[in-house]
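These protein sequence lines are chains H and D, in that order.
For the first sequence, the working numbering assigns the number 2 to the initial residue and increments by one for each residue that follows.
For the second sequence, the working numbering assigns the number 2 to the initial residue and increments by one for each residue that follows.
Think of the hints as simulated: they come from the structure by calculation, not from any bench.
Computed from a prediction, not measured in an experiment: that's the story for all the values here.
Misleading hints may appear alongside valid ones.
To be verified - Stretches of chain H that chain D covers, calculated by requiring three or more beta carbons in the stretch to come under 8 Å of a beta carbon on chain D:
no. : stretch
1   : 50 to 58
2   : 72 to 78
3   : 116 to 129
4   : 192 to 202
Unchecked claim - Ranges of calculated distance between the beta carbons of each label pair, as one might list FRET restraints:
no. : chain 1 : residue 1 : chain 2 : residue 2 : range
5   : D       : Tyr213    : H       : Ala246    : 48 to 54 Å
6   : H       : Arg104    : D       : Gly94     : 53 to 59 Å
7   : D       : Glu175    : H       : Glu175    : 50 to 56 Å
Stated by the list, open to error - If we take Cβ atoms under 8 Å as the criterion, some of the chain H residues that face chain D in the derived model are:
no. : residue
8   : Thr25
9   : Tyr210
10  : Leu214
11  : Val223
Note that beta-carbon positions come from the ideal geometry of N, C-alpha and C, so glycine has one too.
Residue strings, one per chain:
2 protein chains.
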Amino acid sequence: MAAKSRIWTAALIVIGDEILSGRTEDRNIAQVARWLNDQGIRLLEVRVVADDTNAIVEAVNALRPDHDYLFTTGGIGPTHDDITIDSIASAFGVPVVVHPEARRILEAYYRDRPLGITEARLRMARVPAGAELIPNPTSGAPGVRMGNVYILAGIPNVAKAMLKALDGKIEGGEPMVSVTVRAHAAESDVAELLKAVQDEHPGVSIGSYPFYLQGNYGADFVVRSEDEKLANACAKVLRKKLMAAGVEIVEAE
Amino acid sequence: MAAKSRIWTAALIVIGDEILSGRTEDRNIAQVARWLNDQGIRLLEVRVVADDTNAIVEAVNALRPDHDYLFTTGGIGPTHDDITIDSIASAFGVPVVVHPEARRILEAYYRDRPLGITEARLRMARVPAGAELIPNPTSGAPGVRMGNVYILAGIPNVAKAMLKALDGKIEGGEPMVSVTVRAHAAESDVAELLKAVQDEHPGVSIGSYPFYLQGNYGADFVVRSEDEKLANACAKVLRKKLMAAGVEIVEAE
Chain H
2 MAAKSRIWTA ALIVIGDEIL SGRTEDRNIA QVARWLNDQG IRLLEVRVVA
52 DDTNAIVEAV NALRPDHDYL FTTGGIGPTH DDITIDSIAS AFGVPVVVHP
102 EARRILEAYY RDRPLGITEA RLRMARVPAG AELIPNPTSG APGVRMGNVY
152 ILAGIPNVAK AMLKALDGKI EGGEPMVSVT VRAHAAESDV AELLKAVQDE
202 HPGVSIGSYP FYLQGNYGAD FVVRSEDEKL ANACAKVLRK KLMAAGVEIV
252 EAE
Chain D
2 MAAKSRIWTA ALIVIGDEIL SGRTEDRNIA QVARWLNDQG IRLLEVRVVA
52 DDTNAIVEAV NALRPDHDYL FTTGGIGPTH DDITIDSIAS AFGVPVVVHP
102 EARRILEAYY RDRPLGITEA RLRMARVPAG AELIPNPTSG APGVRMGNVY
152 ILAGIPNVAK AMLKALDGKI EGGEPMVSVT VRAHAAESDV AELLKAVQDE
202 HPGVSIGSYP FYLQGNYGAD FVVRSEDEKL ANACAKVLRK KLMAAGVEIV
252 EAE
């Protein structure tokens, strides 16, 4: 069994009226979650807040002391509704300053583009005093790290590029391993069995996720653990007991 | 101009390890947001929390006093990881009881299905003492209303059916009207113009949502107001000023 290691945790704040109005379907929660898992960090809470300074400050200061890392997405563009940088500076009680390296990056990025560098575009060089930059390989304007707060873009492919730039650069533990057992059974048919198998395997959690596909009820039973051997052993026992109970196991995708 | 009416607000708690692990991409935030908007209720905050009693209790008690309505999705199935009902009962300080009507619904639903009604399935008749049911036209097990907390299923099409059953049944104000102006412009080119138009139109907010499609940069400028006339008038001014600035306006989908 693996040695018990420190657990690293994170929270995420998704900033944007467009998510709360239902105009835009969020794509960042899942990708930040998966990326954190790969770094061995557990995402424990997400909040979605409006483009509102008080809401952002309150969420940032509620979450940053409780986690190793806090990520935010959204609100770092050039327009009047982009208030994330100012809000996070306010949360830390520091002024907003122009980051010289960010300014240089933006000047270079816009040099050969129509209009060149403008006051609006230079807004994207503003950071809370004391912050560092997160590289943005896709679209010029960098992300920002302030203390344990990682400020990413809201556009999913830009956020993704910033995460990639951070790959392996922040400390984490062991990635959580998950093994999926897919069964053609209503989850209510095997609820007691699931609980019994979980209880027999400390250090493992089993999630049950029902689905309905092509006229058939089924469920994915997801065995999760930080210990890969333990997860596999538990999944093996689960498969065996399900089959013994007459449940058909199918290949999970 | 419409009379200033009371503003109705809501929060949403998405409950589930599968969202926080990135295994499942959430579909409920957007559909709850759009449905609330149709009821004239503003979604002001969303939290995603783990299948963990303390996390659920804390989020429920933090959010329910601050909003007219609190919605939750997830964790009301028959398996051991479905702890939403117990957690919300705990948040209200009441016991969990079997709701006789829910029991009757489940018995009828499972009468002609394999295995019939089982102890696991009867778990779905449990509610916090004092709660009422929310009809579930799709899959038997009902949703639950406890005070101002509306407890919905996590499976998106079941949550959708429960929302439909609540259509027009809870009090709200005027739906927020939004008018989208789509432009072939980098948002940073028109940031000052946007801010000026918003400042000229109190009661209106303009969001700017950049996109990159088929090699072209563009942005959707979304004009939002509770007053439809005001939203349309502001969008008209915005279109005119954008065109005067040489920006190409395209038909939004």
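### Query
Which of the listed hints are not met by the structure?
Of the numbered hints, 2 and 10 do not hold.
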